[in-house]
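*Asks:* Here is how the chains run, residue by residue.
There are 4 protein chains.
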Amino acid sequence: MEKVFRDPVHDYITVTHPVIAALIDTAEFQRLRRIKQLGTSSFTFHGAEHTRFSHCLGVYHIAKRITDYFSLNFPLEWNPDENLLTQCAALLHDVGHGAYSHTFEGLFGTDHEAVTREIITSPQTEVNAILRQVSADFPEKVASVISHEYPNPQVVQLISSQIDADRMDYLLRDAYFTGAVYGKFDLTWILRVIVPTENGIAFKYSGMHAVEDYIVSRYQMYMQVYFHASSRSMEVLLQKLLARAKALYKKYPEYFAMSSPCLVPFFREEHRLEDYLRLDDGVMNTYFQIWMTHEDPILADLARAYVNRHLLKSIKFNRDTVSLDDLSILTQLVEEAGYDPDYYTGVHSNYDLPYDFYRPSSQKPRTEIKILQKDGALTELSVLSPLIKSLTGTIHGNSRFYFPKEMMENPEFTKHIQNDTFFDKEERDESSKL
Amino acid sequence: MEKVFRDPVHDYITVTHPVIAALIDTAEFQRLRRIKQLGTSSFTFHGAEHTRFSHCLGVYHIAKRITDYFSLNFPLEWNPDENLLTQCAALLHDVGHGAYSHTFEGLFGTDHEAVTREIITSPQTEVNAILRQVSADFPEKVASVISHEYPNPQVVQLISSQIDADRMDYLLRDAYFTGAVYGKFDLTWILRVIVPTENGIAFKYSGMHAVEDYIVSRYQMYMQVYFHASSRSMEVLLQKLLARAKALYKKYPEYFAMSSPCLVPFFREEHRLEDYLRLDDGVMNTYFQIWMTHEDPILADLARAYVNRHLLKSIKFNRDTVSLDDLSILTQLVEEAGYDPDYYTGVHSNYDLPYDFYRPSSQKPRTEIKILQKDGALTELSVLSPLIKSLTGTIHGNSRFYFPKEMMENPEFTKHIQNDTFFDKEERDESSKL
Amino acid sequence: MEKVFRDPVHDYITVTHPVIAALIDTAEFQRLRRIKQLGTSSFTFHGAEHTRFSHCLGVYHIAKRITDYFSLNFPLEWNPDENLLTQCAALLHDVGHGAYSHTFEGLFGTDHEAVTREIITSPQTEVNAILRQVSADFPEKVASVISHEYPNPQVVQLISSQIDADRMDYLLRDAYFTGAVYGKFDLTWILRVIVPTENGIAFKYSGMHAVEDYIVSRYQMYMQVYFHASSRSMEVLLQKLLARAKALYKKYPEYFAMSSPCLVPFFREEHRLEDYLRLDDGVMNTYFQIWMTHEDPILADLARAYVNRHLLKSIKFNRDTVSLDDLSILTQLVEEAGYDPDYYTGVHSNYDLPYDFYRPSSQKPRTEIKILQKDGALTELSVLSPLIKSLTGTIHGNSRFYFPKEMMENPEFTKHIQNDTFFDKEERDESSKL
Amino acid sequence: MEKVFRDPVHDYITVTHPVIAALIDTAEFQRLRRIKQLGTSSFTFHGAEHTRFSHCLGVYHIAKRITDYFSLNFPLEWNPDENLLTQCAALLHDVGHGAYSHTFEGLFGTDHEAVTREIITSPQTEVNAILRQVSADFPEKVASVISHEYPNPQVVQLISSQIDADRMDYLLRDAYFTGAVYGKFDLTWILRVIVPTENGIAFKYSGMHAVEDYIVSRYQMYMQVYFHASSRSMEVLLQKLLARAKALYKKYPEYFAMSSPCLVPFFREEHRLEDYLRLDDGVMNTYFQIWMTHEDPILADLARAYVNRHLLKSIKFNRDTVSLDDLSILTQLVEEAGYDPDYYTGVHSNYDLPYDFYRPSSQKPRTEIKILQKDGALTELSVLSPLIKSLTGTIHGNSRFYFPKEMMENPEFTKHIQNDTFFDKEERDESSKL
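Residue numbers (the UniProt record's numbering), protein chains in the order written: chain A, 1 to 434; chain B, 1 to 434; chain C, 1 to 434; chain D, 1 to 434.
Calculated from the structure, these hints are not laboratory results. Note that the coordinates shown come from a computational prediction; the quantities given were computed from them, not determined experimentally. Watch out, some of these pointers could steer you wrong.
In silico DSSO-like links for lysine-lysine, alpha-carbon gap of 30 Å or less [unchecked claim]:
#, chain 1, residue 1, chain 2, residue 2
1, D, 389, A, 316
2, A, 204, D, 389
3, C, 3, B, 184
4, C, 364, B, 389
5, D, 389, D, 370
6, A, 370, A, 141
7, A, 184, D, 370
8, C, 141, C, 3
9, B, 415, C, 204
If you want the ones that stay clear, here's a sample from chain B, every Cβ over 12 Å from chain A, calculated [as the list claims (entries may be wrong)]:
#, residue
10, 53
11, 74
12, 161
13, 180
14, 198
15, 246
16, 278
17, 324
18, 327
19, 365
20, 396
21, 414
22, 416
Ideal Cβ placement from N, Cα and C applies to all residues, glycine included.
I would like the entire structure built from these sequences, with the hints used as guidance.
*Replies:* Printed below as a string of structure tokens:
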């Protein structure tokens, strides 16, 4: 029986295959309802409370549209037996994400991609039980698509490439919920010009401008939304708060066992899958609220700052010309003002490579976007598009130094700032170009 | 200094007055980020994760637009000294809402309106401290607007009437985040035709159709979104789960003190404001996840059902012709199937009166919507609009009986159901009209 | 080869069948590019310049979506051999519309429905030549669908009933181009719940509220857009202008033969199809611009008024209590002011019956909207929906009296007006209810 | 009294100043209702029937928003006495546009900018009469703003620069009516960050990404909409048709005097303003329909082709490497097929420079976009934005060769085509880069 989800981005998302319906109903997938898609961004964009649950449904939906379209229109180039596999991989590609994954992984050594694989392949999970009903090796196949190891590059590229179902959904979805106008692009047209080729997927020449627009939208979303200074301020706070708790664990093991039991396995660096699955945004926030009254003044203060959104201030700096040593002038002033600089200052860098062609010598060579010309030739996108050429291979973003906002009242401190940017003598001429 | 919020519904929300900016930064107001606007509806409409924080900002925004407009265009009819009061009341009208308020209040005797008043008037809160800076009696004035006791009916009606800033925001916002197409109406036009009158507010005749459309949109949102059977299924589950926990508290006081400390004051019926403010959606969900492994099978099962979204099934029944006694046929079958009917069956009724004119004899007489004609006459809306006349004074909604979905496999049970509706012999002829 | 049209309402409209592609390329269909969908409404809503060409494409698109969906999902209830017929009828249902059809028909006795039939069935047209390629009787079949005579009521109702492809497209399209917020409804959902039944089409119970919303949207568009007083003012001017030209034809036959040759056959009441097809909005406006300098002062003045949008003013009157005789007080004052009342006053009535059930005794009984319940019962919409019940069988709209705006400076004239409504002593008490 | 226009792009456009209201009611401004904004583009994008009337209203609206905002927020930098002037210039900047201006100007030596000036400054027009009521030199001032000669660069740049009220409106409007997704950008934000400076206007750094997005949207609209091959095909047809008529005028002076009197002054190269104002899209199309039956087979055939949209086919060619001589291979084949190549082949080039900084040595140096930094420095946009840097100073577009579509069946002809592009030996390697 068909199930329908009302989705603000895709209107209606339809589930017809019983395996997909059963996967959505698993505890592991329902858990994604309790994890925000954009982490701390909702502190900046109050509409962005949407969850990984909705994003995963959206990726499934796009994958379904493409595989249905391929099955109908490309009987020679596409094998419809791949449909369910592609759709399952799309639905589950983020199932291992945890609360505030990026910050958490940095501190506790977890890896959401490894967890995704484990949820899919471990015989203990509900997800695995359902996938096994398809065939004994189906869980492994789904996992291999997500890890790029599946032999059919068409399936892999639909899930993970520079223009895939994942990115297409998150751009549209994050734009919708943040209210940004930038993330829009012509999904309908892209889904009309996508074609399966021998070595993956390509886009007909008539859709090149829609692909261009997608790349530019992606760039704009990174610059304007994902790299927003306030969201990163909250990330820095969160990182400092968790670091403080971890550092205090040895001193207060009983306190943490009582107040925040689900974090203990991570403090002790001996967590298992079931521990990981117990954590979600609500659980973490519950702990932070308890910590607000702890006797350690730093833990309590950081917890209050995070819970009540007391932002750290920040300035940009040029990472090519400014070393951490150079920033120590500021760090020292923060310390003199009575703050522990380990917990009240921080550097946060955000950079993105909007698009690149395939560079075999690169560590992580990118799957380039191919444009299919009328005579059958496949041409790499940046060769045809001067707009994309300009974004190709160049990294965009910035590095920021965070500190207590009280410092902005200290002229010794602010004299190093111009146009929200750190500078010293050498910097002066260049600062406007950051 | 001006602050700007990117809002998907109103585009940009601008805060210029420092009192408003300071109120938004209080712990009590930031807490609203952790409480969903629509409670269990996000289990049905996965986009509807938006919070009371965003709604309250939106109500403030509409109130600001109206008071700015009144100040500029109606110097005789409107006193600009009311602007800040109106905007504060708009911002704070829901500040006392708690996690899953409606369900919670039924069980624990809390009252979010009383809490709102307390947060505003209690000298312990950050909100109160800021309001007091305006003037000593300002907190009391803000509270009196929200409780309809403020002497100027213009201000009261802008915050609370059948067409007020609150409702205008939530209809648009809930429509946006659920993805429903129904909640849209022409806010811009309504804000052009609104006028302050001697006894409140009115709408110019040229805007009557926009007001009509607002009423119909509201009706549609109630029928289609707010009264959705699946969201109510989750509400029933939640109500049963909390009831079970409360019932078990005396037996397991230490367990609850350890696992769910913030609920204990409510189990003991001796909570204070600070206890109330500690509860939010994340805290509640954290407790429910702990309860999933409790030794009481009912508590554990209900907790798992809620956390993993295992819905109860439901049927409609006609409350005018079907008594709870009549439903006992079903309840008994549920019991025979091994379920405790106190926890596995439930009745959920949702009714709304889309619009009514002023009925002095009514318990809660409504402030009717007035249309201002060219000659200055004020005419009640339903007199002019046949469409609204049809919705006036009539209650819409339904009553549902909830039960475990396994019952649908029992023919003794399903023989009482036709078109999702309970019926017995007497009902048969009427059932299609429910 | 597939053709794609970028459509602001439906995103992309795809044409795959060569017969449809060829029909679009005919001279008769391309002519619809030169006829505005909403006639004089663009003088009020400046965005509403959209043409019958775009509407007809849109109706085709909806019909194609429905017939494709029926073919895939209802193999027993729907015969896919009807697909092309339904789509052709959808595309061509308005092909006989001419410039300002309604006004024109009143004056010259033309009938756009008869012309539609003639274009389809006359062997002289390009449209007919293409339809004949399908089969000899295909033109006749297409025409019979449009005239409701085709034996299969499913096909007839998809093209013409109280909820058909025609109305669904024009509501959405007219809302989009006027900028009205009212015409929106959930087309996607309606197209999911539509089902073919033995005697026509029906809608699943789960879509009832979407159908309700469609009916209310339609009502709102009539009240707010189609019946707008200014658009009707231009219609009155147009009607008077053409009437004057017709009346002058005998006196100035050569002038009209030279200046406005394509209208002569209509003045002489001896037009053929080819004459009709020569007229379009641009041709008519070209003639009006020439007439602006004619020696007859009334013709020239009305032409200038129409071309340069000098509106007549209007007031409402209650047609149940006010006779044309009653209005003669006003007509006489207009005459005294120096205007020929035959050309400078006019009555314009606009009424609509938003919805009705089937009334066999009615002159034009309506095909009622059927709701399909879970047990297979088909129930008429207004039985299930109190909202629709309130709109059922009641006529909405008003009658207006038009006159030169200078009259508003005459107190003898304006004393009969209150709230834009004509009244006299008897009227006084009732006037606000009009 | 305030007048309100419902506008699909800007929601409501409000007119409060009586001079603006009176200008809109003039015959010269109402005439813009009869001239499409995008000329032949509506043959490709059937929604794009919007008129210059709606665009001019939109430009006025943006100018009003900016000048109101400047008056309120920049009392030192902006003189509110410029408000009405700016708004009038915005409203009237295109009032001299005629039917199919670009094609028409090429053939008949008219100049819509000169006509705009004449309409504003000639004492014969209604527009001039109204402007003179403001002050004797007001018409001249309005004209000087439009011609960039007004001394205050703030006013000039608001109406005409690389980011002005004109472009902001047409991008949004053309996107809305064509249905393109590309033309959207964040107008609201741009109107929040715009500031008047000593030498013009600038944009705060916080709005840089919105300005970037505007530039990219503009680029996309040019590439995807304005330069569409089919619209240009219709332009070529139109140009050939008018050229043929002009060439035949000497042979058939009486025929043209009868059938198409308003074009005669242009054929005779002795037109006055009043002749120009008589032409509009409808008048031209009326003439073309008459010409369809003329005895000259080329005139009749081109007229039919234009009226019934029989497109010429086209291919791209690289204007840097392919000369017109090279194309003569094709022209000759067209001639051999029986077509007069003067009327049945044509070259159409469309190029745009998306953005440039100020180049004093350039013929038409551009007013560069300035970004205002926190410390008050004004920096040229491309210095700060790598995305814009990539578009700066480089021309985008293509050249196309048009010919009868029957040629595509001739292998001698098609062998010179690859991927819709003309090539010969030298071209072969380069062709994919065009």
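*Asks:* Each hint: holds or not?
*Replies:* These are the hints, each one checked on the structure:
1. D:389 / A:316: 21 Å, holds
2. A:204 / D:389: Measuring from Cα to Cα gives roughly 28 Å; hence the hint holds.
3. C:3 / B:184: Since the Cα atoms of residue 3 (chain C) and residue 184 (chain B) sit roughly 34 Å apart, the hinted pair is violated (cutoff 30 Å).
4. C:364 / B:389: Roughly 27 Å separates the two Cα atoms, so the pair holds.
5. D:389 / D:370: 14 Å, holds
6. A:370 / A:141: 26 Å, holds
7. A:184 / D:370: 26 Å, holds
8. C:141 / C:3: 25 Å, holds
9. B:415 / C:204: Since the Cα atoms of residue 415 (chain B) and residue 204 (chain C) sit roughly 22 Å apart, the hinted pair holds (cutoff 30 Å).
10. 53: 6 Å, violated
11. 74: 31 Å, holds
12. 161: Check passes; 26 Å lies beyond 12 Å.
13. 180: Violated, since 7 Å does not exceed 12 Å.
14. 198: At roughly 38 Å from the nearest Cβ of chain A, residue 198 (chain B) sits farther out than 12 Å, so the non-interface label holds.
15. 246: 20 Å, holds
16. 278: About 7 Å separates residue 278 (chain B) from the closest Cβ of chain A, which leaves it inside 12 Å; violated.
17. 324: 32 Å, holds
18. 327: Holds, because the least Cβ-Cβ distance between residue 327 (chain B) and chain A comes to about 27 Å, which exceeds 12 Å.
19. 365: 36 Å, holds
20. 396: 21 Å, holds
21. 414: 17 Å, holds
22. 416: Residue 416 (chain B) clear of chain A: closest Cβ-Cβ about 22 Å, beyond 12 Å.
This entry does not satisfy hints 3, 10, 13 and 16, going by the numbered hints stated previously.
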